[in-house]
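Engineer: Here the protein sequences line up with chains A and B, keeping their order. Quick note on numbering: my numbering labels position 73 of the first sequence as 73, and the sequence is numbered without any gaps. Quick note on numbering: my numbering labels position 40 of the second sequence as 40, and the sequence is numbered without any gaps.
Bear in mind the hints are in silico, worked out from the structure with no lab data behind them. Be careful, since some hints might not be right.
[Stated by the list, open to error] Here are the simulated SDA-like cross-link-like pairs (lysine to any residue), alpha carbons at most 25 Å apart as the crow flies:
no.	chain 1	residue 1	chain 2	residue 2
1	B	K107	A	I15
2	A	K44	A	D73
3	A	K9	A	G40
4	B	K69	B	G16
5	B	K22	B	T52
6	A	K44	B	S73
7	B	K49	A	R96
8	A	K44	B	N100
9	A	K57	A	G40
10	A	K44	B	I96
11	B	K49	B	A115
12	B	K49	A	A2
13	B	K49	A	E100
14	A	K44	B	F46
15	A	K44	B	N55
16	A	K44	B	D95
17	B	K107	A	G42
18	B	K69	B	A115
19	B	K22	A	T71
20	B	K22	B	Y61
21	B	K69	B	V113
22	B	K58	A	K57
23	B	K69	A	G97
24	B	K107	A	A2
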Amino acid sequence: NAGVTQTPKFRILKIGQSMTLQCAQDMNHNYMYWYRQDPGMGLKLIYYSVGAGITDKGEVPNGYNVSRSTTEDFPLRLELAAPSQTSVYFCASSPRGVDEQYFGPGTRLTVT
Amino acid sequence: AQSVAQPEDQVNVAEGNPLTVKCTYSVSGNPYLFWYVQYPNRGLQFLLKYITGDNLVKGSYGFEAEFNKSQTSFHLKKPSALVSDSALYFCAVRDINSGNTPLVFGKGTRLSVIA
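If we strip away everything but chain A, and leave its shape as in the complex, we get:
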């Protein structure tokens, strides 16, 4: 099993550009999550999904969009990138909401 994979590992965006962060898992997990991690701020939940076709907002959804057309994939879309979106983004998955989450290696995004 590859577990949770994320692409790209690093990206530099100019203000106003858009991009999609990819996340895939091969464990057949129903739940998937997107977090951002800022220094000294811990993890903040952006969006999550409890199954294909179902998504819900987390703590900090503004400026982001997600879709979940398959169980395996959970892409995160940034529209009109802003410097405040400079962060490290982690995708995670779990079989159920009460189970431990498996994290991907992260995407380091810089918006300048």
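Using the hints provided, position chain B relative to the given structure of chain A.
Structural biologist: Structure of chain B alone, referenced to chain A:
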């Protein structure tokens, strides 16, 4: 509402000494509690969890945590610290009766084990 607090930003301990990383939580019902570890430039890795049962939970790499309902705490412990334990540690909580509500993570505690 559910919340979790890690009162220490940084914990320093000498190699071979016991270590404790503190976590307190707040939920309206009963909690599910988790500890994760993050090594530099890596994603979080699951260490251990408390769902129900024995208050002392044993996890990966020799770590354990004690659930204390009266003090609403779930401190992470290890009898003898290793330099390789140096990392960022996160506590997380979820109310058993919160439906699909995801975990809430603490801000993290940086553990530094000095040789």
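Engineer: Of all the hints given earlier, name the ones this structure violates by number, lowest first.
Structural biologist: 1, 4, 11, 15, 18, 19, 21, 22 and 24
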